[in-house]
Amino acid sequence: MARLVGVDLPNKHVEIALTYIYGVGRATAIALCEKAKIDRLRFINDLSQEELGELRKLLETEYKVEGRLRTEIAMNIKRLMDIGCYRGLRHRKGLPLRGQRTRTNARTRKGKKKTVAGKKK
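Heads up: the sequence shown runs through residues 3 to 123, numbered per this note's numbering.
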């Protein structure tokens, strides 16, 4: 099993296996294969150590992936919360950020329903 930037990659086509790395999608995986001059339809276990080293070098130098990317995203969210902007307040309250309705739906952000007792007249 090949290991790049701290992630065990499954024995699949290189293009697909690279997407198991946080921050690498299909487009980035294809671009990586082209830069490293690797056929993207080969299997990960068929790559030589030199080819894996080339991929590793490209990932470390040209892309923010895994820990560095997670840290940057967390710092960006923390900055929004610290300055108290609208998006930061929504993060703090655990509500949707981008204008979605919250009267119904929004269950992914808000969590399980909490029933509030009705007010008697």
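Take the hints with a grain of salt, since some may be wrong.
Below, computed lysine-lysine pairings styled on DSS-like, alpha-carbon distance capped at 25 Å [as the list claims (entries may be wrong)]:
no. : residue 1 : residue 2
1   : Lys39     : Lys14
2   : Lys59     : Lys37
3   : Lys95     : Lys114
4   : Lys95     : Lys112
5   : Lys80     : Lys95
6   : Lys116    : Lys95
7   : Lys39     : Lys66
8   : Lys59     : Lys39
Cβ pair distances, simulated, as ranges [stated by the list, open to error]:
no. : residue 1 : residue 2 : range
9   : Arg72     : Asp48     : 27 to 37 Å
10  : Asp48     : Thr106    : 25 to 35 Å
11  : Arg5      : Ala108    : 36 to 46 Å
12  : Glu62     : Arg28     : 12 to 22 Å
13  : Arg28     : Pro98     : 24 to 34 Å
14  : Thr106    : Arg58     : 46 to 56 Å
These are computed hints drawn from the structure, not numbers from a lab.
Even for Gly, the Cβ is constructed at its ideal location relative to N, Cα and C.
Status of each hint after checking the structure:
| no. | hint | result |
| --- | --- | --- |
| 1 | Lys39 to Lys14 | holds, 18 Å |
| 2 | Lys59 to Lys37 | holds, 11 Å |
| 3 | Lys95 to Lys114 | holds, 15 Å |
| 4 | Lys95 to Lys112 | holds, 9 Å |
| 5 | Lys80 to Lys95 | holds, 13 Å |
| 6 | Lys116 to Lys95 | holds, 15 Å |
| 7 | Lys39 to Lys66 | holds, 21 Å |
| 8 | Lys59 to Lys39 | holds, 13 Å |
| 9 | Arg72 to Asp48: 27 to 37 Å | holds, 30 Å |
| 10 | Asp48 to Thr106: 25 to 35 Å | violated, 51 Å |
| 11 | Arg5 to Ala108: 36 to 46 Å | holds, 39 Å |
| 12 | Glu62 to Arg28: 12 to 22 Å | holds, 20 Å |
| 13 | Arg28 to Pro98: 24 to 34 Å | holds, 27 Å |
| 14 | Thr106 to Arg58: 46 to 56 Å | holds, 47 Å |
The structure fails to meet hint 10 from the earlier list, while all remaining hints are met.
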